[in-house]
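Taken in order, these protein sequences are the chains called A and S.
What the first sequence shows, in my numbering, is residues 1 to 246, in sequence order.
What the second sequence shows, in my numbering, is residues 247 to 476, in sequence order.
If you're looking for bench data, these hints aren't it; they were derived computationally from the structure.
Virtual Cβ for every residue (Gly too), placed ideally from N, Cα, C.
A hint or two may mislead.
Said to hold, decoys possible - Now the stretches of chain S that chain A is said to cover, found in silico as 3 or more residues with beta-carbon under 8 Å:
| id | segment |
| --- | --- |
| 1 | 367-380 |
| 2 | 386-395 |
To be verified - Each pair of labels, with its calculated beta carbon distance range:
| id | chain 1 | residue 1 | chain 2 | residue 2 | range |
| --- | --- | --- | --- | --- | --- |
| 3 | A | GLY20 | S | VAL461 | 53 to 59 Å |
| 4 | A | ALA130 | S | VAL302 | 43 to 49 Å |
| 5 | S | PRO296 | A | GLY62 | 21 to 27 Å |
| 6 | A | PRO74 | S | LEU456 | 58 to 64 Å |
| 7 | S | GLY369 | A | ALA168 | 24 to 30 Å |
| 8 | S | ARG428 | A | ARG76 | 56 to 62 Å |
| 9 | A | ALA10 | S | ARG294 | 28 to 34 Å |
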Amino acid sequence: MNLDVRPSYAIENVSKTYGGRQVLGVERLDIHPGEILAIVGPSGSGKSTLLRLLNFLEPPSGGRIRYGGESFEPNRDVSLDLRRSVTTVAQRPVLLNRSVRANVEFGLRLRGRRDNVSDVRRALDKVGLAAMEGQPARTLSGGEAQRVALARAMVIKPFVLLLDEPTANLDPYNVTVIEEAVRRLNTEEGTTIVLVTHNVFQARRLAHRVVLILDGKIVEVSDAESFFEHPKDPRTAAFVRGEMVY
Amino acid sequence: MLDAFNLIFEGSSSLYEIVLLSLRVSGIALLLSTLVGIPLGAVLGLGRFPGRQLMVAFMYTGMGFPPVVIGLFVYLLLSRSGPLGQIDASWIPDLFTPGAMVIAQSIIAFPLVAGFTMAAVLGVDPGLRQQVRSLGATDWQTTLAVLLEARIGVIVSIIAGFGGIISEVGAVMLVGGNIEGRTRVLTTAIVLETRQGNFDLALALGAILLAITFVINVLMLRLQGKALNE
Numbered sequence: 001m002n003l004d005v006r007p008s009y010a011i012e013n014v015s016k017t018y019g020g021r022q023v024l025g026v027e028r029l030d031i032h033p034g035e036i037l038a039i040v041g042p043s044g045s046g047k048s049t050l051l052r053l054l055n056f057l058e059p060p061s062g063g064r065i066r067y068g069g070e071s072f073e074p075n076r077d078v079s080l081d082l083r084r085s086v087t088t089v090a091q092r093p094v095l096l097n098r099s100v101r102a103n104v105e106f107g108l109r110l111r112g113r114r115d116n117v118s119d120v121r122r123a124l125d126k127v128g129l130a131a132m133e134g135q136p137a138r139t140l141s142g143g144e145a146q147r148v149a150l151a152r153a154m155v156i157k158p159f160v161l162l163l164d165e166p167t168a169n170l171d172p173y174n175v176t177v178i179e180e181a182v183r184r185l186n187t188e189e190g191t192t193i194v195l196v197t198h199n200v201f202q203a204r205r206l207a208h209r210v211v212l213i214l215d216g217k218i219v220e221v222s223d224a225e226s227f228f229e230h231p232k233d234p235r236t237a238a239f240v241r242g243e244m245v246y
Numbered sequence: 247m248l249d250a251f252n253l254i255f256e257g258s259s260s261l262y263e264i265v266l267l268s269l270r271v272s273g274i275a276l277l278l279s280t281l282v283g284i285p286l287g288a289v290l291g292l293g294r295f296p297g298r299q300l301m302v303a304f305m306y307t308g309m310g311f312p313p314v315v316i317g318l319f320v321y322l323l324l325s326r327s328g329p330l331g332q333i334d335a336s337w338i339p340d341l342f343t344p345g346a347m348v349i350a351q352s353i354i355a356f357p358l359v360a361g362f363t364m365a366a367v368l369g370v371d372p373g374l375r376q377q378v379r380s381l382g383a384t385d386w387q388t389t390l391a392v393l394l395e396a397r398i399g400v401i402v403s404i405i406a407g408f409g410g411i412i413s414e415v416g417a418v419m420l421v422g423g424n425i426e427g428r429t430r431v432l433t434t435a436i437v438l439e440t441r442q443g444n445f446d447l448a449l450a451l452g453a454i455l456l457a458i459t460f461v462i463n464v465l466m467l468r469l470q471g472k473a474l475n476e
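Here chain A stands alone, though its shape is the one from the complex (with noise of 0.2 Å):
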């Protein structure tokens, strides 16, 4: 993989089946270097299968992802380096039954790296949890674990951060606070952001461009102005205007 230039995703006619049922069918997205790219859709629509792919968990069924000079594909995987300049953080944090900071540096050893004291106290002020760093993960409030899963994501510095809900039966405050560290991630650091939410607010907040899903497809992807003030296709311009059921 080239590290010295980020990495683009090219996903070409990529299919997801799971017990002969498919789940998604894209036939092309391209997701930019340095964007915040959000996915809108109902539940179920194939969101989450979609980043699960994108952080090379699971393979495609069918077509192909391409990524950093290489491709994901069905019985094809790829390099641990490339894997590891992506990660996730899910709707649900799932923490290590120990403390934040061995939480946050979880990462880091995975990689080798044993001296990050000054990384991890870095990641944690970005959160605004630096002050809980010995604190047993298992008594922290639902908000506060789930900034400590996006610092534990941010300390390892990925190209690419994947987002699923991360904000999902949050209150307002926490909710600032993951979308002000995601703003900055992106901007100072330059970070591809790929975010999935089925909240059309959070997503012009943030978003540069986004993407509607139904039931697997694409319906439509434009830049976020264009998204929200004109719609091209009837079905997103229902979903933003919230007459979609979902």
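Position chain S against the provided structure of chain A, taking the given hints into account.
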């Protein structure tokens, strides 16, 4: 009873020999069964492959297998006419040696270690594996992370394995032969002394066995306590 405690505190070289041999045989057997049982438990807990259910069924059967029957199998294996007894290799122990006792106890303990490890691994949040992989873990690092997350249960598996062999008498009696100065351990010595009517000595040996089990379990609990308090 008083005589029993006098015997312990006075001590004797043969008593120390018996205690040391018990610890050595059960310690090595526990180490071997842990080295095999923990990875096997992790594979059965995390993997999905053909034959897994059959392997789990065999393992559960092993967990309840009577030690004396395992002793009989090992006896038949190692006896002169048995399949291993006919092979002239230095790594295959002879019958009536501590090595044969180690083999029998390892076979008794490893299904316990593997079974409890598997249960502990299955109890870990399934989302953790995917999260750990997403953070860049290799397959090996993912397995290790899950095992560490299940560490309280893994320690229980080692405790169960140790409990299953330190107090076991049937298998070591069969394959060890209870030979004085060579293969006599605490449990077989208790049987012998009881049969000979030396109840004081049998009681003293029983107290030592209880004390060893207690101390080892306290050590394990301390280890578990650290994990519980994290």
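Going through the hints against the structure:
no.	hint	in the structure
1	367-380	holds (count 8)
2	386-395	holds (count 4)
3	A:GLY20 <-> S:VAL461: 53 to 59 Å	holds, 58 Å
4	A:ALA130 <-> S:VAL302: 43 to 49 Å	holds, 46 Å
5	S:PRO296 <-> A:GLY62: 21 to 27 Å	holds, 25 Å
6	A:PRO74 <-> S:LEU456: 58 to 64 Å	holds, 60 Å
7	S:GLY369 <-> A:ALA168: 24 to 30 Å	holds, 26 Å
8	S:ARG428 <-> A:ARG76: 56 to 62 Å	holds, 60 Å
9	A:ALA10 <-> S:ARG294: 28 to 34 Å	holds, 32 Å
Checked against the numbered hints given earlier, this structure breaks none of them.
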